[in-house]
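Heads up: the sequence lines are chains P and X, in that order. Everything in the first sequence is counted per the working numbering, starting at -15 for the first residue and increasing by one. Everything in the second sequence is counted per the working numbering, starting at -15 for the first residue and increasing by one.
Don't read these hints as lab results, they were simulated from the structure. Values in this document were obtained by computation on a predicted structure and should not be read as measured data. Take every hint as true, because none was put in to throw you off.
Straight line, CA to CA, 30 Å or less: simulated DSBU-like cross-link-like pairs of lysine-lysine:
id	chain 1	residue 1	chain 2	residue 2
1	X	K201	X	K139
2	P	K261	P	K248
3	P	K110	P	K145
4	X	K3	P	K32
5	X	K376	X	K261
6	P	K3	X	K8
7	X	K88	P	K151
8	P	K27	X	K359
9	P	K(-14)	X	K32
10	P	K8	X	K3
11	X	K27	P	K359
12	P	K8	X	K8
13	X	K88	P	K201
14	X	K151	P	K88
15	X	K88	P	K88
16	X	K(-14)	P	K8
17	P	K27	X	K(-14)
18	P	K88	X	K27
19	P	K32	X	K8
20	X	K27	P	K8
21	P	K(-14)	X	K27
22	P	K3	X	K3
23	X	K(-14)	P	K32
24	P	K355	X	K27
There are 2 protein chains.
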Amino acid sequence: MKRVYLDYAAAAPMDPRVKREILKYIDVFGNASSIHASGREAKEIINKSKERIGRVLHCRPEELVMTGSGTEANNLAIFGILPQDGHIISTNIEHHSVLRPLQKRGNVTFVPVKPNGIVDPKDIAKAIRPDTVLVSVIYANNEIGTIQPIKEIAKKIENWKLEIHGKPPAFHVDSCQAAGYLNINVQELGVDLMTINGSKIYGPKGVGALFVRRGTKLAPQILGGDQERGFRAGTQNPALIAGFVKALEIANSMREKESARLEKLRDWFISQIPEVKLNGDPILRLPNNINISFDNIDGEMLMFRLDLHGIEVSTGAACTVSSNEPSHVLKAIVALPVTPSHPSPYNKGKVQEGVSAGNIRITLGRSTTKKDIEKTLEILKREVNRQRFNRK
Amino acid sequence: MKRVYLDYAAAAPMDPRVKREILKYIDVFGNASSIHASGREAKEIINKSKERIGRVLHCRPEELVMTGSGTEANNLAIFGILPQDGHIISTNIEHHSVLRPLQKRGNVTFVPVKPNGIVDPKDIAKAIRPDTVLVSVIYANNEIGTIQPIKEIAKKIENWKLEIHGKPPAFHVDSCQAAGYLNINVQELGVDLMTINGSKIYGPKGVGALFVRRGTKLAPQILGGDQERGFRAGTQNPALIAGFVKALEIANSMREKESARLEKLRDWFISQIPEVKLNGDPILRLPNNINISFDNIDGEMLMFRLDLHGIEVSTGAACTVSSNEPSHVLKAIVALPVTPSHPSPYNKGKVQEGVSAGNIRITLGRSTTKKDIEKTLEILKREVNRQRFNRK
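If we strip away everything but chain P, and leave its shape as in the complex, we get (with noise of 0.2 Å):
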C-alpha cells in the first residue's frame, strides 16, 4: 500500500540534496573548538552556514546561536530573556515550546486571539508595561496555520517606545512553521528574536537556530564550554548544521511557487467536504494547513482509520499528541462553517464543544498531489459517514 503522508507539519522528509550536504561533511569530525586543523575544518563549516543562514534572515553570522532543535531555541528565547523578573506578552495560541517555558517562568500576559485565531496587533501594544521585557509571538501556528500580522506588531512595539521614550521590549518570533512559506527576513519582519528550525523545512532534526539581534540582553540556558559565543555550550555537528541551511536556502527558494500551489490544493480540498469546519481564518493561514472539525465525530478515531488505510494526518500537534489534554489554540478559536463558496469571508461560528466536533489536521507538503488528495477526500468523507451511521 502507497502510504499518503499528509503531516508536515510534524516532520517533513529530508531533501535529497540536504542529505546530499550531510553526507559531503558527516566524516568532519573535529572538535569546532579545537584550534588545530581539524577543529578549524569544523569551525569552518559552521562559520560559513552562519552567513549562508545570515543572508537568508538578513542578519550578521554572529546574531545566530545555533541549538539542538527548534525547541531549544524558544526555551532560550523565553528562559534567557533579561532581566529574568521581566514581564512577557504572549498570545494564547503558542506552541507547547512557548508556553510551557512562560507558564512556568510566570508574570506573563497571555493576549487572546480574535475567533479567526489572529492576534490584534492593538491588543499587543495595550499589553505593553514599562517593565515588559519581551513579547512574543508564533508567526504561523503549528495546528490552525493561522498567520500573525509580525510586521504590524513590530510598529506598535517601535511605537510604545516613540510614545514613551523608554526601553522596547524585545520581539520574539518562533517561525518553525512559517520557514517554509513566509517571509522570514528579520530586517522587514523587524523583530529581535526568530526561532527556526531543521526538521519542518525538509532538514534534518535535532537542529535549530534563534536570532538574537545584537544588544539584546540574553542569558545562555545550557552552560558548559564556550561554543556559540558563550549562548549555547556543547560540540557542534557541523555536518547537521549544514545541511540545515541547505534545507533553509532550499525552502526560501522556492517559498513562493510552491505556497501558490498548495494554497490551490488546501482550497479545493476544503471545499469538498461537506458539513466541515474551518478551525482558524480561510486566507490568513499557511499554503499547506487544514484544520478541520467534524460535528458528532471523534477525531482520533478518524485519525486511526485513515492511518489504516495509509493515510497520515493529525489531530494537532505531535509532540502533546499523547498528553489526550483538549488543544489550547482550538479552545482559543471559533470554527468556520464552510460553505460551497469557498473561501468564504469569516464568520462568527460556534465555539468548539470538546469531542463532539472531532478535528484532524492535514497538512500537504512537496510530494502532496492532486491525487493524494482525491484519495484523501474519497477514505475520509467514507469514515465519518461510517462513524455517523454506527453511533445511530
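Knowing the structure of chain P, use the given hints to seat chain X on it.
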C-alpha cells in the same frame, strides 16, 4: 602531509559501522511523537535504541533521557535535581558543563582532589549534609584523565544513608570521557544519574543521554512537547540516536583490548620524553591520556608548532580553549616529575606555576599507531628544544 590526530578527548572520528547505522535510518523522517505509521517507525527506532543502551548500562529503557549533547545531559542533572535549593557536592576538577551550572546554581561544596587528581571518597562523605541532594563527580577527567573511585564514593553515600537513616543524595557521574574505556554498568557502580555522549566514543556529535534511576526526582529543563516522558522536549533524530547506540555498543565490546593496547603506547610515550612532568596519577588515568608539562615552555605555542607539522594535540579542554584562562584542573593538582623508571609511584611535586610550565594534552585513539607516537615524540622534542634555545 599525513596528519597525526592525537586529540581523541576532544572528538573522535565516527566509526564506519556507526556511519552505516546512521545511513540506515537517515531517511526515517516521521516525528516520533506522531501516532501514525511514519511516527511509530521513528518511535520504534528510539525505543529499540534505548533498550540497547539499557543492555550496556544495565538499566531500564525508560530510565534514559536522550539529549542533544553530554553538556545538556550534565546541565539537566545539575539544574534539574530536586529540591532546587538542596545542597550539592562536587569536586574541583569537573568539566565546565558541570562546573558552570554548579556555579550558577550555588549551594555547592567543591571537594578538592588530592595532588594526583583523585578525590578521596572519605572527603566526599564528610561533606554530606542532611540537605545534600546530589553528589556529582566526573568519572574520568577530560584534561588529565584521572579516574575517580566511583564505586567507593557510591558506597560512602550508601553508608551515610544507613548511618543517618535519612534520604541519601543522588549520585551523578559524568562518564563522557570514561564510556570508551571504563565499566559503565550503573548497577555495579551504584550511581543514580549518569551522562554519556556520542562524540567521544566514535559516535555522532549532537546526541547524548542521561541515565536517571527510577525514583530520582528531576525537573525537566527544556520544556515543550512530551518527548522523553516529559524530561526533555524537542523532536528527536532517530538516525543520530541509533548511531550513538551503535558507537556505545562497539566501545563497550572493544573496551578491554583497546585499553590494554593504548596503555602500553601511553606509558612508552611518557617514558621517552626527558624533563617532563606528568599531570595526574600515572596509574589511575585513562589509557589514552597523556597530559604533560614542560618547565619554561609556552604550551599554546608548542601546540601551534605541532599543528604546523601535522600533529594535532590540545592544551586542555577544547570547549573553553578560547577563554585563555588557566585551567582549573591543572591548578587543582601537582605535576609529577617523570623518572626513567616510569610508571613510577606518585611523588609529591611542585605546584604548577601558570605559563612557566607549558602543558599539552595528547589523547590517543583507535587509529593511533606506534609510528604516530614515534613521529610525535621526535617533533615534540625538537620543538621543546627549539623554544628553549630561542629563549636563551
